[in-house]
Amino acid sequence: MSTLGQNVEATTKGALVRDLRRLGGFTARRLIALFLTVLVGVYLTILIANMGGRVDDLRLVQIRSEAAEMVRADPAFFDLPSQERNSLIERQVQLEVERLRLDQPFILRSFNYLYQAMILDLGRAEQMHSDSGARDVYSIIVERLPATLLLFGTANLLIFFVSVFAALVLSRRYGSVADRSVIALAPSSAAPAWFYGIFLILFFAFLAPVLPPGGMVQAPPPESRLDYGLSVLRHMIMPVVAMFLSQIFISIYSWRTFFLIHSSEDYVEMARAKGLSPRMIERRYILRPTLSPIITSFLLMLIGLWSGSIILEQVFNWPGLGSLLFQAIGHRDTPVIIGSVVIFAYLLALTVFLLDLLYGVLDPRVRIAQGGGA
Amino acid sequence: MTGWRKGLLELRKYPSAVAGMLIIAFLVALSVYTVIAIPYTQALDLWRGGDHWRLHPSNAAPAWVDTITRGGQARTTVVSIADTSMEQELFEGGRQVRIPLEIDYGYRGFPSEMNLFLRARGHDREPFVRMTWVTPDGREIALGGRRIAREDRVSISQNLTLERRLGHVPHIGLLKQPDSGPEPQVLQGRYQLVLEAVIFDDEATIDGDLVLYGQVHGIAGTDHQRRDLLLALLWGTPVALAFGLIAAVGTTITTLVIAAVGVWFGGLVDAVIQRLTEINMILPLLPILVMVGTLYSTSIWLMLGIVVALGIFSAGIKMYRAMLLPIREAAYIEAARAYGASDTRIILRYMIPRILPVLIPTFVTLIPTFVFLEASLAVLGLGDPVLPTWGKVLNDAQAQSALYNEQYYWVISPAILLMLTGLGFAMLGFAMDRVFNPRLRSV
Chain A
14 MSTLGQNVEA TTKGALVRDL RRLGGFTARR LIALFLTVLV GVYLTILIAN
64 MGGRVDDLRL VQIRSEAAEM VRADPAFFDL PSQERNSLIE RQVQLEVERL
114 RLDQPFILRS FNYLYQAMIL DLGRAEQMHS DSGARDVYSI IVERLPATLL
164 LFGTANLLIF FVSVFAALVL SRRYGSVADR SVIALAPSSA APAWFYGIFL
214 ILFFAFLAPV LPPGGMVQAP PPESRLDYGL SVLRHMIMPV VAMFLSQIFI
264 SIYSWRTFFL IHSSEDYVEM ARAKGLSPRM IERRYILRPT LSPIITSFLL
314 MLIGLWSGSI ILEQVFNWPG LGSLLFQAIG HRDTPVIIGS VVIFAYLLAL
364 TVFLLDLLYG VLDPRVRIAQ GGGA
Chain B
179 MTGWRKGLLE LRKYPSAVAG MLIIAFLVAL SVYTVIAIPY TQALDLWRGG
229 DHWRLHPSNA APAWVDTITR GGQARTTVVS IADTSMEQEL FEGGRQVRIP
279 LEIDYGYRGF PSEMNLFLRA RGHDREPFVR MTWVTPDGRE IALGGRRIAR
329 EDRVSISQNL TLERRLGHVP HIGLLKQPDS GPEPQVLQGR YQLVLEAVIF
379 DDEATIDGDL VLYGQVHGIA GTDHQRRDLL LALLWGTPVA LAFGLIAAVG
429 TTITTLVIAA VGVWFGGLVD AVIQRLTEIN MILPLLPILV MVGTLYSTSI
479 WLMLGIVVAL GIFSAGIKMY RAMLLPIREA AYIEAARAYG ASDTRIILRY
529 MIPRILPVLI PTFVTLIPTF VFLEASLAVL GLGDPVLPTW GKVLNDAQAQ
579 SALYNEQYYW VISPAILLML TGLGFAMLGF AMDRVFNPRL RSV
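From first to last, the protein sequence lines are chains A and B. The first sequence maps to residues 14 to 387 in my numbering. The second sequence maps to residues 179 to 621 in my numbering.
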């Protein structure tokens, strides 16, 4: 008796160790793969943002003209013969080139950029600066982050939870008036949020001026915290409504279709035949197997929050990451562009990693060993 | 294939599908008409602006705006010297010509601007012209005189001395009732601009037009560069349709097939596809497009190429994979394998059809998505620099603060066309979803 018990215990312990080892191996493999992914993605960004090195040529021209201008404008050098003046300019250019390491070939420097980006040393911006005057990319990005998180967080969380909940309700009342009207309204999502934004601005800021046409807070910003918050809220109404309008019907529609398909699976039919309550069927037989796609889209949506949307922020003049990126691209401020993409890349890699682990936990049918070749 | 034909017949039962098809048919017809009526090169030339448009008012609302509101707004009136009867008087060494330009002004609103274009051909010595404005009630207002170059433009509206004398900008001051107070009223009737020209050469001629620019113009109105917006609205149609269609077809099909191939074969194939997708996901589409647009070129075809290239391994693969993974383990796939179905057959006939129902709404809304993507780029100022598109019009409107200046038409007409395109494809697609999707019909 007792030996049998010990044996069982030993085998379960052995199985646990084996599972853990397998999980550890899998985790390590995934981490390495994701690291390489981020590496390649960031390197591609560096290549694109530097125009494959052409930005350096532009910078060289700029350095030369600035040095020439400086020497020419300085009264101390007025008396120098032109030859000496030229050599002075050359020396200035040489110093600046060495400081920026422009004398090295671009390929070498691009790997240097890559290294710095990967260790999250985002460097200093070339043209832009934060509102407090700081020049490093980190503080520029951090300054814009709350605005983006606030706006897109509010809107996307609202859309996600409302649509999944509404879809569950509608999939239970298939063919009802509410269901039909959602189907009828779904095509309205063909237009993106900024498009509705333009109309909202037209109606509520110009034809009937009740809401501000853009910006995040009134100018000058109110003194008290409460007034400040209220002002931000007022400025948030239109962009949030624009995003909600443009996405809600299509989300409800897709989730509803998704749930409907899963609610006609054989095992759901069987549960129904067994006489389980609709609520129980919904929770155990429909929601559980559909959880992994739901979680996927939820996490991907969360990731989307960090990047903001260039165009919506432009239309509403919202001082977030999207408009930051747009300005950075306009200024050809490569460190800022690369910095935002690096942070985005790390966040995305983290999410993908979490998703891989979650799939295994949520849906036993998807075996974690699959990635390694089952 | 008969299934598809039956499905198409069944589509007629859905009013939204019919409406969607009508909209798409209308847009396609409009594109065909546009491409034939205004050839590509001519459209580009016209859209560059300049002298083509000098007889058009700037920032004029469409004519229908006038019909909706109280009405009586001025339309553009052009009086040509060629249509008038000149009186000549010869003197030694030249002649004096009297040209009465007659304007019947019956609008209740004032014109937006007044210009006189003059061409003097074959002169050794520049002719001299004196201008007098004669109102219906017989007042004569001297507009001064000047020498006329070969091509000359007399901006009557910008004559500051005249403005000071009349107390209003000239195009209001010249047409108002004499004592109508601070709110000037139009004095309707027959006006005359009398040109008295002294010409010093026998063969020489004077030609030209007097333009009273309207407040409203044509079907679509005009922009700040006097360009007729109708041109951009018309040409925007084929550009939008082509861009949306090519991009949507190019991306979805490849994405879905690649996702299914990865899930089915698993192992190395899946790993490679997943890695490529993940790298691609790290590169966000719109910022990349903005980057390419700012740093390289904003040609619409380059943008299209990048959209398709980046779209192949898009984030959609992850979603499809999440849906396909449980299906891979399904019993009916096992059955197919047992009877010896090939890999291609399993992927194309068993796995892809299974998730198509969920994908059709996404696929169909993809066409308008790309139409709007092109518009988004244009609104950001990264539209194709030479091609007139709807987004370009929106961008111009935004740059000129059209909403702030109450030029709503400038935003509304391209927006309506964009919306129409979006709705047309989406309505048809959603109806197709219900017809071609047996699983949906049975539940």
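Hints were generated in silico from the structure; no laboratory data involved. The beta carbon of each residue, even a glycine, is placed where N, CA and C say it ideally should be. Mixed in with the good hints, there may be bad ones.
[Stated by the list, open to error] Among the chain A residues that face chain B by a calculated CB cut under 8 Å, a handful are:
| no. | residue |
| --- | --- |
| 1 | Ala46 |
| 2 | Ser305 |
| 3 | Leu313 |
Going down the list of hints, with the structure as the test:
{"no.": "1", "hint": "Ala46", "in the structure": "6 Å, holds"}
{"no.": "2", "hint": "Ser305", "in the structure": "6 Å, holds"}
{"no.": "3", "hint": "Leu313", "in the structure": "7 Å, holds"}
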